[in-house]
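Engineer: Those protein sequence lines, which keep their order, are chains A and B.
Position one of the first sequence corresponds to residue 1 (the working numbering), numbered consecutively onward.
Position one of the second sequence corresponds to residue 1 (the working numbering), numbered consecutively onward.
Rather than coming from a laboratory, the hints here were simulated on the basis of the structure.
Certain hints may be false.
Unchecked claim - Derived lysine to aspartate or glutamate pairs resembling DMTMM-like cross-links, with alpha carbons at most 25 Å apart:
{"no.": "1", "chain 1": "B", "residue 1": "Lys3", "chain 2": "A", "residue 2": "Asp40"}
{"no.": "2", "chain 1": "B", "residue 1": "Lys3", "chain 2": "B", "residue 2": "Glu55"}
{"no.": "3", "chain 1": "A", "residue 1": "Lys9", "chain 2": "A", "residue 2": "Asp71"}
{"no.": "4", "chain 1": "A", "residue 1": "Lys57", "chain 2": "A", "residue 2": "Glu75"}
{"no.": "5", "chain 1": "B", "residue 1": "Lys103", "chain 2": "B", "residue 2": "Glu14"}
{"no.": "6", "chain 1": "B", "residue 1": "Lys103", "chain 2": "B", "residue 2": "Asp11"}
{"no.": "7", "chain 1": "B", "residue 1": "Lys103", "chain 2": "A", "residue 2": "Asp71"}
{"no.": "8", "chain 1": "A", "residue 1": "Lys9", "chain 2": "B", "residue 2": "Asp82"}
{"no.": "9", "chain 1": "B", "residue 1": "Lys52", "chain 2": "B", "residue 2": "Glu66"}
{"no.": "10", "chain 1": "B", "residue 1": "Lys3", "chain 2": "B", "residue 2": "Asp67"}
{"no.": "11", "chain 1": "A", "residue 1": "Lys57", "chain 2": "B", "residue 2": "Asp67"}
{"no.": "12", "chain 1": "A", "residue 1": "Lys9", "chain 2": "A", "residue 2": "Asp29"}
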Amino acid sequence: DSGVTQTPKHLITATGQRVTLRCSPRSGDLSVYWYQQSLDQGLQFLIQYYNGEERAKGNILERFSAQQFPDLHSELNLSSLELGDSALYFCASSGGTNPGRETQYFGPGTRLLVL
Amino acid sequence: DAKTTQPTSMDCAEGRAANLPCNHSTISGNEYVYWYRQIHSQGPQYIIHGLKNNETNEMASLIITEDRKSSTLILPHATLRDTAVYYCIVSSGGSNYKLTFGKGTLLTVNP
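Required output: the full structure, derived from the provided sequences and hints.
Structural biologist: What follows is the structure in structure tokens.
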């Protein structure tokens, strides 16, 4: 158990819909990262937040957005969903003082299926 | 961040040492080498990291060549539960940080 929690574990929805994925980091961690893992793309970095502010951006679509709240939990919002958005979405957290040189602890993931 | 090259797959007998190579010939001086693994769709798990010295922890050892262009992850006594995809990543951090996972190596530990 990494200490990172993600809800829900599974999500099934239809094209065009909007969903919200939630992540609670390990106690004391200030940085939260979101990753998408699909069969054909592997594990892709989406975005990072540090203490409520966006710190780094990866291959995140404009239809996707994220935020980190004062209690440090984070939400990833996916809108206008397409079939290709079906994937595993992982959240990770780290202490936050030196991104890229810190161990990231990953949650169990949310499996999203868009029908 | 520097790119890495790993074999697609490897086999190892249970109880034997598993040696997973990684090539990172374009690594720069401030980039660390990280190893993570992912067991069948679970969240990736941190294993070990290093800059230029060899490192050892309770899970594995990391051997980095003197020129830092390649490294080897060693699982000293592989078990069936070590069957996973192993990712070698180099990362420098900074404001434009992103952790880039490649295809990794599928290590299969056989009984």
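Engineer: Each hint needs a verdict: does it hold in this structure or not?
Structural biologist: Verification of the supplied hints:
1. B:Lys3 with A:Asp40: 19 Å, holds
2. B:Lys3 with B:Glu55: 21 Å, holds
3. A:Lys9 with A:Asp71: 21 Å, holds
4. A:Lys57 with A:Glu75: 15 Å, holds
5. B:Lys103 with B:Glu14: 24 Å, holds
6. B:Lys103 with B:Asp11: Judged against 25 Å, a Cα distance of about 17 Å means the pair holds.
7. B:Lys103 with A:Asp71: 34 Å, violated
8. A:Lys9 with B:Asp82: 24 Å, holds
9. B:Lys52 with B:Glu66: 7 Å, holds
10. B:Lys3 with B:Asp67: 16 Å, holds
11. A:Lys57 with B:Asp67: The hint is violated at about 31 Å.
12. A:Lys9 with A:Asp29: 22 Å, holds
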